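Chemist: In terms of the UniProt record's numbering, the sequence shown opens at residue 1 and continues consecutively.
What the hints contain is simulated information worked out from the structure, not anything from laboratory work.
Please read these numbers as outputs of a predicted model, since none were measured by experiment.
Note that the Cβ used here is the ideal one computed from N, Cα and C, for glycine as well.
Treat the hints loosely; a few may be bogus.
[As the list claims (entries may be wrong)] Distance ranges between label pairs, derived from CB positions:
| hint | residue 1 | residue 2 | range |
| --- | --- | --- | --- |
| 1 | Trp-88 | Asp-36 | 54 to 62 angstroms |
| 2 | Leu-33 | Ala-92 | 45 to 53 angstroms |
| 3 | Trp-82 | Leu-58 | 23 to 31 angstroms |
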Amino acid sequence: MPHRPKRVAVTSPQTRLAHLRGRARGRWRVPRLDADDAERAAALYLAQRRQGLLALILGVVTLVGLPLVLAAWPALDTIRLWTIPVSWLMLAVLPYPALTALSFWQLRQAERIERR
1 MPHRPKRVAV TSPQTRLAHL RGRARGRWRV PRLDADDAER AAALYLAQRR QGLLALILGV
61 VTLVGLPLVL AAWPALDTIR LWTIPVSWLM LAVLPYPALT ALSFWQLRQA ERIERR
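Whenever a hint applies, use it, and build me the whole structure from the sequences.
Modeler: Here you go:
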């Protein structure tokens, strides 16, 4: 059986430097909060979690509801705008602005919760 050469991992010099820096710094530790700050952080976390769950539900309703609307009204396939069926335009164009608006709303609500 012929002798096989040893396998060697080839990495960038920057990768080696990044690994060395990571070892030199030591382990990152979560800062400890005093009781009042920990209670406020927990309340903030729960409020933002509820808000995020609401935004998630609205996003799912938007994405799942659109095909349901198209199934409920098949006449939208016959209506054309610039020779493209309205149902196709609704599927291709409508979700993006709706989800973008939902994300901006979610961001503003999360910031509002933090300011309280």
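Chemist: Next step is simple, just say for each hint if it's right about the structure.
Modeler: We went through each hint and held it up to the structure:
1. Trp-88 to Asp-36: 54 to 62 angstroms: Once the Cβ atoms are compared, 55 angstroms apart, the range 54 to 62 angstroms for Asp-36 and Trp-88 holds.
2. Leu-33 to Ala-92: 45 to 53 angstroms: holds, 47 angstroms
3. Trp-82 to Leu-58: 23 to 31 angstroms: holds, 30 angstroms
Checked against the numbered hints above, the structure breaks none of them.
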